[in-house]
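Which chain is which? The protein sequence lines are A and B, in order.
If you're matching positions, the first sequence starts at 1 in our numbering and goes up one per residue.
If you're matching positions, the second sequence starts at 1001 in our numbering and goes up one per residue.
Derived by calculation from the structure, the hints in this document are not laboratory data.
Using 27 Å as the maximum straight-line C-alpha spacing, the simulated DSSO-like pairs for lysine-lysine come out as follows:
| no. | chain 1 | residue 1 | chain 2 | residue 2 |
| --- | --- | --- | --- | --- |
| 1 | B | K1057 | A | K101 |
| 2 | B | K1057 | B | K1083 |
| 3 | B | K1078 | A | K101 |
Some chain B residues judged to face chain A by a derived CB distance under 10 Å, without partners named:
| no. | residue |
| --- | --- |
| 4 | V1004 |
| 5 | G1040 |
| 6 | K1042 |
| 7 | S1058 |
| 8 | F1091 |
| 9 | A1093 |
| 10 | T1099 |
| 11 | Q1100 |
| 12 | F1102 |
| 13 | P1104 |
| 14 | G1105 |
Positions of the beta carbon are idealized from the N, C-alpha and C atoms, including for glycine.
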Amino acid sequence: QKEVEQDPGPLSVPEGAIVSLNCTYSNSAFQYFMWYRQYSRKGPELLMYTYSSGNKEDGRFTAQVDKSSKYISLFIRDSQPSDSATYLCASIGDDKIIFGKGTRLHILP
Amino acid sequence: EPEVTQTPSHQVTQMGQEVILRCVPISNHLYFYWYRQILGQKVEFLVSFYNNEISEKSEIFDDQFSVERPDGSNFTLKIRSTKLEDSAMYFCASSVGETQYFGPGTRLLVL
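Here chain A stands alone, though its shape is the one from the complex (with noise of 0.2 Å):
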């Protein structure tokens, strides 16, 4: 059973939009959700941490957990070219991080 599942994409916006990009998990026990963002051939980089369900801001970025329905969200808002990479949402499990695939997202110019 997969425990952490994403649309791989790749997801293609314009300059400007918003991008909303999601995963659904399995395990109802899982509390810790975070969104990691790659870049080709780089380690993946922590953008947004929450802990069980909620709304969580950082800038343009924008981290849902609705535990209710184990839907993990990030919304992106004015989105850059610069926001091109693979987004991976994760959940801590029996102490490791069990990531969901990853979307590749594509900010058209």
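Since the structure of chain A is provided, determine the placement of chain B on it from the hints.
The following block gives chain B in isolation, referenced to the frame of chain A:
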């Protein structure tokens, strides 16, 4: 800003050879991890390390793999006899709490 570093950035080796991948975690971190990412696939957990011992390992982390913290700064992953399917990016991570910080990775190519 402190960061996790990894060496080498690229490693090419022959099947059956031993490789050692090196990581320098962030200095005040206590938990250390190795992950791998086969091209086009998800990042997969290999092993976690705390207090000089393995705290958890995945099914991937078989007897061919070992980890060591030989001194106060380095954290190494050794693959004793590499196989073709070991070709991947290997990421080291460290944490002091729940948030893990990743290094840039070592790209391993087994021929």
